[in-house]
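Q: One-letter residues, chain by chain:
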Amino acid sequence: MADDVFKALADPTRRRILDELTDRNGQTLFEICGRLVTRHGLGLSRQAVSQHLAVLEAAGLVATRREGRYKFHDLNTRPLEHIVTRWLGPQTPRTPESTP
Amino acid sequence: MRINLTSVFVDDQEKALRFYTDVLGFAKKHDVPLGGEDRWLTVVSPEDPDGTELLLEPNKHPAVKPYTTALVEDGIPATAFAVDDVRAEFARLSKLGVRFTQEPAEMGPVTTAVLDDTCGNLIQIMHSS
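Each protein sequence line maps, in turn, to chains W and B. Under this note's numbering, the residue at position 80 of the first sequence is numbered 80, and the numbers go up by one with no gaps. Under this note's numbering, the residue at position 87 of the second sequence is numbered 187, and the numbers go up by one with no gaps.
If you're looking for bench data, these hints aren't it; they were derived computationally from the structure. Keep in mind that the hints are not guaranteed to be accurate.
[Claimed, not checked] List time: in silico DSS-like cross-link candidates among lysine-lysine, alpha-carbon distance up to 27 Å: (1) W/71 with B/165; (2) B/128 with B/115; (3) B/128 with B/165; (4) W/71 with B/160; (5) W/71 with B/195.
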């Protein structure tokens, strides 16, 4: 699971998708494609965006939900918590120069 | 050349006429019986009664339902209409019980939202930002 998260986050387009879902949760594929084009100049095909969403879903970062005839995509930040607890737990030593 | 007529496929023409007139605010233009229960049924904007007509076309062809179902699942609108203020229309139509699959969002030079016409289609409304 952790490897899937890192693979999913390694791609800039997928990070943009997560940015936009942070802005508003529960988007259709159409809205995600529109946001990528108009806000980030990323003119990907719907198939390409679908494939990116599939990678994010496999990593647990995006969950899809069917409501009647529609399909919505929701952000799930839980897999990111593992990253925080792995390296940024309370026992993490702090070096003076990295302390703000 | 100019666009004189465009169409959306609807699952029930009478229900579609009510939605497009009573809820969205268009006006009926032509209503011609075609034999059987089908009608040549068009609506226009009351602001432009001689402008582009929208045909509310029966969805009986076998290719139509898979097509419209797949578009709706991915949130893709069948067509788009211009409004003065997307946020104001979103508020007005939401109060009337209209379901939106996309709330108002700025998409570059336009503000858009997407609603369900209850007859099988999603419709985008937009204004220039």
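Q: Look at each hint and say if it fits the structure.
A: Hints, one by one, checked against the model:
no.	hint	result
1	W/71 with B/165	holds (17 Å)
2	B/128 with B/115	holds (13 Å)
3	B/128 with B/165	holds (25 Å)
4	W/71 with B/160	holds (25 Å)
5	W/71 with B/195	holds (23 Å)
When the structure is compared with the earlier hints, no violation turns up for any of them.
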